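2 protein chains.
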Amino acid sequence: MDIGFIGLGQMGVGMAANLVKAGHHVSVFNRTPAKAAPLVAMGARAAASVAEACRGDIVITMLADDAAVEEVTLGPNGLLARLGAGGVHLSMSTIAPATARRLAERHRAQGSHYLASPVFGKPEVAAAGRLWICVSGSDASARARVLPVQQALGQKVYDFSDDPGAANVVKLAGNFLLGAAVEAMAEAFTLAQKNGIDRTQVYELFSTTLFDCFVYRDYGKLVASEKYEPIGARPALIRKDYGLILAAARDALVPMPLAELIHYRLTATVAKGREDVDWAGFAREVSEAAGL
Amino acid sequence: MDIGFIGLGQMGVGMAANLVKAGHHVSVFNRTPAKAAPLVAMGARAAASVAEACRGDIVITMLADDAAVEEVTLGPNGLLARLGAGGVHLSMSTIAPATARRLAERHRAQGSHYLASPVFGKPEVAAAGRLWICVSGSDASARARVLPVQQALGQKVYDFSDDPGAANVVKLAGNFLLGAAVEAMAEAFTLAQKNGIDRTQVYELFSTTLFDCFVYRDYGKLVASEKYEPIGARPALIRKDYGLILAAARDALVPMPLAELIHYRLTATVAKGREDVDWAGFAREVSEAAGL
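Sequence order for the protein chains is A and B. Here the numbering used here is used: position 104 in the first sequence is 104, and no number is missing along the way. Here the numbering used here is used: position 190 in the second sequence is 190, and no number is missing along the way.
If you're looking for bench data, these hints aren't it; they were derived computationally from the structure. What you are looking at is a predicted structure, and each value in this text was computed from that prediction instead of being measured. Just so you know, not all the hints are guaranteed correct.
With a straight-line Cα cutoff of 27 Å, these simulated DSSO-like cross-link-like pairs (lysine-lysine) come out [what the hints assert, rightly or not]: (1) A/Lys240 x B/Lys21; (2) B/Lys221 x B/Lys240; (3) B/Lys227 x B/Lys156; (4) B/Lys156 x A/Lys221; (5) A/Lys156 x B/Lys122; (6) A/Lys227 x A/Lys240; (7) B/Lys194 x B/Lys122; (8) A/Lys240 x A/Lys35; (9) A/Lys122 x A/Lys194; (10) A/Lys35 x A/Lys21; (11) B/Lys272 x A/Lys194; (12) A/Lys156 x B/Lys21; (13) B/Lys240 x B/Lys194; (14) B/Lys227 x B/Lys21; (15) A/Lys194 x B/Lys227; (16) A/Lys194 x A/Lys221; (17) B/Lys221 x B/Lys21; (18) A/Lys35 x A/Lys122.
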């Protein structure tokens, strides 16, 4: 397929590479053009503008926030202006459900399709083509058309039907569950530590028994060792997601006190200038509050 | 071995049965004697009093709370009076680390051993002999002596060294992690539901991917379906544990806002008289606060 790919950040670069490897014709665009070079070496075409990336059937956006997605979609020579009737905007960034619903409405009015399709996985998972991918929006036939593209990027696709906001709600719910596990482990391990117990021993017990799953094994290792590396995503980026979670909760009238707590932790982490760690480093707030 | 077993509640009855099956000589005592009948039918001896259960080398207590353990230990004709020098009190209830440390000190003064050995697992796990067992207290040789007994009860033993409070801290940390997962899922699934998304579909996504482990699969099913059965433990019992968690956090100067939140949920659940559900039913508080 002819695919445009906009946004070559930590996630996007590995995802675009997997599309090239799968044999798709990929036109890549990034605000900082140098990021495109390794992809061009693999066989991708460098698009000089958003408009140039919109010549095919599908355009993927993988950008940092709502404002960036809105700009490339609604701006002059953006996706809305350039994607023809029947074209598909496969929007894979983590953005607000409300933004997704608004963009979908604009696409619908134009005769093009907006599909929300956020992903779960760190940059190395994206590079390995092993993402878990959510999708919702437009109709079942539009979602069927993008399936081969998603299959080149991930190990499984989860379909949440026609509401373009639904996949983003699920993505935000997942990022919330991740942070909740980090907060829980931070409080539990700190209680153990202040009772003279090795954090790592407690981590090993739980991550091999009741909580023997990726999040507790992987993020738990960071929280147990208090070494928040490698950096999967920085605190400011995920603080943005928690802003989206709380906005979605406010819109839907859902009190989420645990999400509020994690947002507070991330805000303190960013305020202290601690952008040199993975976002799970907000667990330091728990240790510090306990005088450690 | 000659083992006394005191406390034939939902957990204790299956544990005592496994000791009988493993070929140990087991004397069982329960405040309500009728609970002993099925064990006697299997070959256990019914002890008419706590003192009668203290004739062997090891006495196990599996009781509902600190007060009950203190009573059978310190009361007239209790363990302390009846266990001879070198005897072992294997204390498997979920109690405060501070209580464990105090009882251990009394045993030490008497020449007997106190081992804290709380367990993870629901009643059916106890009955299957598949518990995860923590242990700490006294010295390594006392802990080695009880290992064959623990192996008849569980699938693995985790040794947290000589501090008699340590194993209880770890147990409380685990019960806290469990409740934290319930709170997190309750907030996440409620956010999804109020966006028109099926709770069960969200549950299935996360419990087979990022959170593919016992707690999210098992407790997650209750939270997704909002059917809080079967009852593994009632809200009032686990509210007691959260009181112990907060007391341990207070003693160690560890702010635990997430533990405070769950204690609040459990208090509301008990206050509303909702003892007819598993303790994960505190998740109803989240749905109700969202107007569901």
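> Taking each numbered hint in turn, which are not upheld by the structure, reported in ascending numerical order?
Replying inline: 1, 3, 5, 7, 9, 11, 12, 13, 14, 15, 17
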